[in-house]
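**Q** Sequences listed follow chains A and B, in order. Read in order, the letters of the first sequence are residues 1 to 453 in my numbering. Read in order, the letters of the second sequence are residues 1 to 453 in my numbering.
Among the hints, erroneous ones may be present.
[Said to hold, decoys possible] Below, a list of computed lysine to aspartate or glutamate pairs in the DMTMM-like style, where the Cα atoms sit at most 25 Å apart:
id, chain 1, residue 1, chain 2, residue 2
1, B, Lys324, A, Glu41
2, B, Lys324, A, Glu43
3, A, Lys50, B, Glu112
4, B, Lys23, A, Asp134
5, B, Lys57, B, Glu43
6, A, Lys23, B, Asp134
7, A, Lys359, B, Glu43
8, A, Lys285, B, Glu26
9, A, Lys319, B, Glu88
10, A, Lys151, B, Glu26
I should point out that these hints are in silico values taken from the structure, not numbers from a laboratory.
2 protein chains.
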Amino acid sequence: MAQNGCEHSERVLTMDTMNPNVKRVEYAVRGPIVQRAVQIERELNMGIKKPFTEVIKANIGDCHAMGQKPITFFRQVLALCSYPDLLEDSKFPEDAKSRARRILQAISQGIEMIRQDVARYIERRDGGITCDPDNIYLSTGASDGIVTMLKLLVSGEGVSRTGVMISIPQYPLYSAALADLGAVQISYYLDEDNCWSLDINELRRALQEAKKHCSPQALCIINPGNPTGQVQSRQCIEDVIRFAAAEKLFLMADEVYQDNVYAEGSKFHSFKKVLFEMGPEYSEKVELASFHSTSKCYMGECGFRGGYMEVINLDPEVKFQLTKLVSVRLCPPVPGQALLDVVVNPPQPDEPSYDTFIKERTDTLATLAEKASMTQEILNQVPGIKCNPVQGAMYTFPREGTSSRYVLLYEASGRKRHLFGSWQMTILPPVEKLKIVLAKIKEFHQHFVEQYS
Amino acid sequence: MAQNGCEHSERVLTMDTMNPNVKRVEYAVRGPIVQRAVQIERELNMGIKKPFTEVIKANIGDCHAMGQKPITFFRQVLALCSYPDLLEDSKFPEDAKSRARRILQAISQGIEMIRQDVARYIERRDGGITCDPDNIYLSTGASDGIVTMLKLLVSGEGVSRTGVMISIPQYPLYSAALADLGAVQISYYLDEDNCWSLDINELRRALQEAKKHCSPQALCIINPGNPTGQVQSRQCIEDVIRFAAAEKLFLMADEVYQDNVYAEGSKFHSFKKVLFEMGPEYSEKVELASFHSTSKCYMGECGFRGGYMEVINLDPEVKFQLTKLVSVRLCPPVPGQALLDVVVNPPQPDEPSYDTFIKERTDTLATLAEKASMTQEILNQVPGIKCNPVQGAMYTFPREGTSSRYVLLYEASGRKRHLFGSWQMTILPPVEKLKIVLAKIKEFHQHFVEQYS
Chain A
1 MAQNGCEHSE RVLTMDTMNP NVKRVEYAVR GPIVQRAVQI ERELNMGIKK
51 PFTEVIKANI GDCHAMGQKP ITFFRQVLAL CSYPDLLEDS KFPEDAKSRA
101 RRILQAISQG IEMIRQDVAR YIERRDGGIT CDPDNIYLST GASDGIVTML
151 KLLVSGEGVS RTGVMISIPQ YPLYSAALAD LGAVQISYYL DEDNCWSLDI
201 NELRRALQEA KKHCSPQALC IINPGNPTGQ VQSRQCIEDV IRFAAAEKLF
251 LMADEVYQDN VYAEGSKFHS FKKVLFEMGP EYSEKVELAS FHSTSKCYMG
301 ECGFRGGYME VINLDPEVKF QLTKLVSVRL CPPVPGQALL DVVVNPPQPD
351 EPSYDTFIKE RTDTLATLAE KASMTQEILN QVPGIKCNPV QGAMYTFPRE
401 GTSSRYVLLY EASGRKRHLF GSWQMTILPP VEKLKIVLAK IKEFHQHFVE
451 QYS
Chain B
1 MAQNGCEHSE RVLTMDTMNP NVKRVEYAVR GPIVQRAVQI ERELNMGIKK
51 PFTEVIKANI GDCHAMGQKP ITFFRQVLAL CSYPDLLEDS KFPEDAKSRA
101 RRILQAISQG IEMIRQDVAR YIERRDGGIT CDPDNIYLST GASDGIVTML
151 KLLVSGEGVS RTGVMISIPQ YPLYSAALAD LGAVQISYYL DEDNCWSLDI
201 NELRRALQEA KKHCSPQALC IINPGNPTGQ VQSRQCIEDV IRFAAAEKLF
251 LMADEVYQDN VYAEGSKFHS FKKVLFEMGP EYSEKVELAS FHSTSKCYMG
301 ECGFRGGYME VINLDPEVKF QLTKLVSVRL CPPVPGQALL DVVVNPPQPD
351 EPSYDTFIKE RTDTLATLAE KASMTQEILN QVPGIKCNPV QGAMYTFPRE
401 GTSSRYVLLY EASGRKRHLF GSWQMTILPP VEKLKIVLAK IKEFHQHFVE
451 QYS
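Okay, chain A solo, but in the shape it has when bound (with noise of 0.2 Å):
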């Protein structure tokens, strides 16, 4: 397919040379809409004139492009550590001084102490349970653990060419990944009528159906869930660690928003935790990554990249590839690295910031749980629209229309179905531009349905 004679075929790297994994990877969130979206801003800055008046982002999670503050003490000591000087104003409280202190002590000795942090932070987390900081790894982000641990996880080829099952709908890094590593993606599809739950029963035929043309070895899951936001049951996780020993998949746990779990009723439970209270039948031997992430929670610090993962039961000959691997990158960014130390060590009742970063904390927290369900209130408002509830992440799924009606409309209007039948949105925006949001959105559905119907 070579364009012969056009300029492009005196290029080494066109697209019939480029690497073909690259093209067959899709991610969305960066996409056309949001380049459009730009542009658009862009626009009504120039002055023109459209028929509104702002574009409100609700597409992606990050808390602080999205007006949430950050968290006063974490920058307080990333400000010591980029600056020492600062180390000698009074106007710091002496706990911020105390973490940057040691952190920056640290930095010079190699951060081996953020990992023994990370350890007793994960301990605390599942009431005593041990972590051993040697199986702390840090990361840029969880993103780049979960790339990592899924380029451990590819080899072979054709029917024996590694599989990968995630969740659809999902986060589409899982996807994009999968595609880049030349892997093969196994679908398995979220109950939308059960608050998109996950079935073992599901799970089972993915599997299934999968092993005829691959070599199914991992599980992902993404819970609290993004884009659904549905919180796993400690049964659910108990059957999902069952499945993963019973079939034999090495499971990977995003567990990023572990800390944003908004209904009443449900519960984070970590993956780590259900499989040691299973006993050593589960704990001795199903292989787990779990992830989390400086990035989302209350601290919404997407920015610095901070990130880490615990594995579990790995090979010791292949956790020793793990190490270089992850060495060949160098290290995480630093600054991500000093903000995770302060987030799995911030401050105690007797420390000066205690109260400031409880409220702030508390406060940041109740917001998200106040729009999650002013989210799934309003929607549900509107006849045809169906909305599960936001248990927990930053996420609504809904979708237009129960029945096929809705399609027969979309077709009728000549508009692309995908676009509005289900949709992901962000619970982010403040208070006032979501109402805006769920306001526009209302009354777009009302007028077209008015309009096709």
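With chain A fixed as given, assemble chain B onto it according to the hints.
**A** For chain B alone, kept in the frame of chain A given last:
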């Protein structure tokens, strides 16, 4: 080769099932010698007696870890960006505050401004040759940009598999990334007898040889050189560009040491500048990606993982794919982007921080120049050690023994020759420490020669 019956065979992810490319990755920078050094250091700290009292790490180009002071202005701006309350603090100079305000404003708009600032920096550096901000991709250090470009270039199977030319001695990122991507490494040897210069005839030899078993697509150059410290002449760069044009190779220019030039008569010429000065026959045809970073030069800010690449003559469709690919990994760390912006946009003569900034930059580079010449001088005083001038970068690559006599000596001693024959060493330790390192090498070498002669 599955280990049946042993506990490992129960695992999903073993050395047998793991991605085979990962096994092929080699990376010495964080390998066994470094791990042993860290262990020895720990033992010394614990009070264990050794025939020495400290570990001086001369293995990696991490300036600050070696005691080099960060540039004040950069760290002030970063502290202000981390904790904007400091914008009210009268202790910070106005120019640092205005940079921070500008960056905070830009971040909220999505960092187009930083790419524009990089483009203007490149234009100033290259004597006015135009730079389009759309050709600038911000990256997580230079490594990230290099791996991304290599990924785009890799395709084909068997004899049509992509081959990439890299210099030997090399920076191990290149061999590691090629192994990881399953590409073919084409080694060309730098000429030790001519100050580690690049010889076009050697490029030709390596290319002809490689064509028998792969499809050579790209040529990687590191200038100033890592680990060999040479600086390429303008003539050499022209020759390389002509070679790339004639042989249809994509050029990758790793120019992260562009401010680190010490030797009299040596000067940094960017590939971009030389390419454009050679006229449209080359400048409109040769595809070039060049890489820069905040980690080296006088900045030495490894930990922030800031960097950029500029792409020239990239196929527009491939460029779209590149943009998509970098989007999947979200953004490079924002503190690194902020740092990059101050690096390309430093204090100007009419600004309050100018004098301090210039003094720190000049002192840092002058100290490096002093250490470069001291290293070469002391090593060349040792009979049997030969050390090329350190024209640039931060390394020397001396060798023990100019004749086969030394090979025989090593064999007689039972030592592994590859640990001692030639080795890379940074010039980064503080002058006093560097003197100790050089004296120890001298002493060891003389003792060794006496003992086994």
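**Q** Each of the hints needs a verdict: does it hold here or not?
**A** Results for each hint:
no.	hint	in the structure
1	Lys324(B) x Glu41(A)	21 Å, holds
2	Lys324(B) x Glu43(A)	24 Å, holds
3	Lys50(A) x Glu112(B)	24 Å, holds
4	Lys23(B) x Asp134(A)	21 Å, holds
5	Lys57(B) x Glu43(B)	15 Å, holds
6	Lys23(A) x Asp134(B)	21 Å, holds
7	Lys359(A) x Glu43(B)	44 Å, violated
8	Lys285(A) x Glu26(B)	30 Å, violated
9	Lys319(A) x Glu88(B)	48 Å, violated
10	Lys151(A) x Glu26(B)	16 Å, holds
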